[in-house]
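Residues per chain, in single letters:
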Amino acid sequence: MRGDDWPQASDAALVVAIARWRQEALAEAYRRHAGAVLALAQRVLRDRSLAEEVVQEVFLRLWNQPERYDPERGTLRSFLLAQAHGRSVDALRSESARRNREEKEARQTAESGYDLEHEVVDLTVAEQVRTALSSLHEGEREAIELAYFGGHTYRQVASILGQPEGTIKSRIRLGMRHLRDALGDAGVVRS
Amino acid sequence: MTWNPDMNELDELLGAFALDAVEPQEAERLEDYLRENPRARAEVEEYREAAAFLASTGADAPAGLWERIAAQIETPTGDQPAPLLDFRRRGGPPVARRRPRRRVWQWVAAAAAVLAVAGLSTEVVRQQDRLDDLQASQDALTVSLDPTARHFDLLSATDGSLAMRVTVRADGETWIVGEALPTPPSDREYQLWTIDGPAPVSVGVVGRDPEVGRFRTDVVGTRYALSLEPRGGSPQPTEVVAASPEQ
Numbered sequence: 001m002r003g004d005d006w007p008q009a010s011d012a013a014l015v016v017a018i019a020r021w022r023q024e025a026l027a028e029a030y031r032r033h034a035g036a037v038l039a040l041a042q043r044v045l046r047d048r049s050l051a052e053e054v055v056q057e058v059f060l061r062l063w064n065q066p067e068r069y070d071p072e073r074g075t076l077r078s079f080l081l082a083q084a085h086g087r088s089v090d091a092l093r094s095e096s097a098r099r100n101r102e103e104k105e106a107r108q109t110a111e112s113g114y115d116l117e118h119e120v121v122d123l124t125v126a127e128q129v130r131t132a133l134s135s136l137h138e139g140e141r142e143a144i145e146l147a148y149f150g151g152h153t154y155r156q157v158a159s160i161l162g163q164p165e166g167t168i169k170s171r172i173r174l175g176m177r178h179l180r181d182a183l184g185d186a187g188v189v190r191s
Numbered sequence: 192m193t194w195n196p197d198m199n200e201l202d203e204l205l206g207a208f209a210l211d212a213v214e215p216q217e218a219e220r221l222e223d224y225l226r227e228n229p230r231a232r233a234e235v236e237e238y239r240e241a242a243a244f245l246a247s248t249g250a251d252a253p254a255g256l257w258e259r260i261a262a263q264i265e266t267p268t269g270d271q272p273a274p275l276l277d278f279r280r281r282g283g284p285p286v287a288r289r290r291p292r293r294r295v296w297q298w299v300a301a302a303a304a305v306l307a308v309a310g311l312s313t314e315v316v317r318q319q320d321r322l323d324d325l326q327a328s329q330d331a332l333t334v335s336l337d338p339t340a341r342h343f344d345l346l347s348a349t350d351g352s353l354a355m356r357v358t359v360r361a362d363g364e365t366w367i368v369g370e371a372l373p374t375p376p377s378d379r380e381y382q383l384w385t386i387d388g389p390a391p392v393s394v395g396v397v398g399r400d401p402e403v404g405r406f407r408t409d410v411v412g413t414r415y416a417l418s419l420e421p422r423g424g425s426p427q428p429t430e431v432v433a434a435s436p437e438q
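Chains L and E, in that order, give the protein sequences. Going by this note's numbering, the first residue of the first sequence is number 1, and it counts up by one from there. Going by this note's numbering, the first residue of the second sequence is number 192, and it counts up by one from there.
The hints are simulated quantities; they were obtained by calculation from the structure and are not laboratory data. Hints are supplied without guarantee of correctness; some may be wrong.
Unchecked claim - Listed below are several chain L residues computed to face chain E (Cβ distance under 10 angstroms; list not exhaustive):
#1 R22
#2 E52
#3 F79
#4 G86
#5 G139
Even glycine gets a Cβ: it sits at the ideal position worked out from N, Cα and C.
This is chain L alone, in the form it adopts within the complex:
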């Protein structure tokens, strides 16, 4: 594949090339997805250098274990973001991180004001995501934000919101189902 062909390569083709030790293929995957991976890790960890470590881990893992990606199961982007999210949450929940986090959260509570909509920077996707999010109930949106971006377990979310665990489990599941359906209707994800 010539240098200018890489941007046209599909996810599966890129990963096959990565499996053949083609560094240019990993560089292309990085070019496409590292921005989103870093942004997600940073959102969850609220720490740039920890987030950069997550980016490195995710792409090194892609290099060393490309077979973990299954094109039948989803896009490379959602695979990398799921990896990034898992690693970020693990780092967040580790002992020392917890202490730092409590301190940071105390500082940030006042200025917080973020909600899901403002995080989506890509204008071409933002409108569709906004529409999809508006189909969620307030309780669903809140639970999903605390779980996904806050890195909390559903039990912690229940405790934060003062709701029963069963209610939170259900809100998260239903909310994700509604989100999936809305994104599918918008043609943004495969339905």
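Could you slot chain E onto chain L? The hints should help.
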């Protein structure tokens, strides 16, 4: 305290699990559950894909970080062949690598001894160099998932390891994916054969380092073999190095 959830309790957790929002013990149990339950696994995958949209931004790849990654990448040097992905077998039991049974070699040896048999195809199709052709790789992947295609595993004569995979579509289009094949002597290259009658028929010359290749051919058979031949191929196999086991 052991936790013994029923299927309903596990299903209730699928949303939280997709968002990494469960306890470690729950995550372990859910991972087992998803391995056994494709419906639940599909549900989690859909939620993860939807979550990726929440996370997805148009942010540019961070500058400077790539260099740190590139510095940590190891690329094997020399003749070490690249591992090939096997999307087809994902999640299934590991394929047992059997030594080819003696009968296979006798068949090939006997067939090779037959000279000038009518029906021997003398058309030798030379494989294009596919090393840089990612489209071929992706097509090979798609073909390997085709449920109507037939698959043949060519096992090495020396150690029974997997040498090449051949996939034959219903329309006769034949794909090869080379595994860890040794580099041949400089005056030789690999040739692929099939048999659907008394004698082996050449599918084509696959080169010295076959990775992914495709042959448009009328020649389809019930068994396949790979041999080492002088450059340009031979009308009949001389040194068979791998073959698919008897069906």
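Now for the hints, and whether the structure bears them out:
no., hint, verdict
1, R22, "9 angstroms, holds"
2, E52, "6 angstroms, holds"
3, F79, "8 angstroms, holds"
4, G86, "5 angstroms, holds"
5, G139, "13 angstroms, violated"
Taken one by one, the earlier hints fail for this structure only at number 5.
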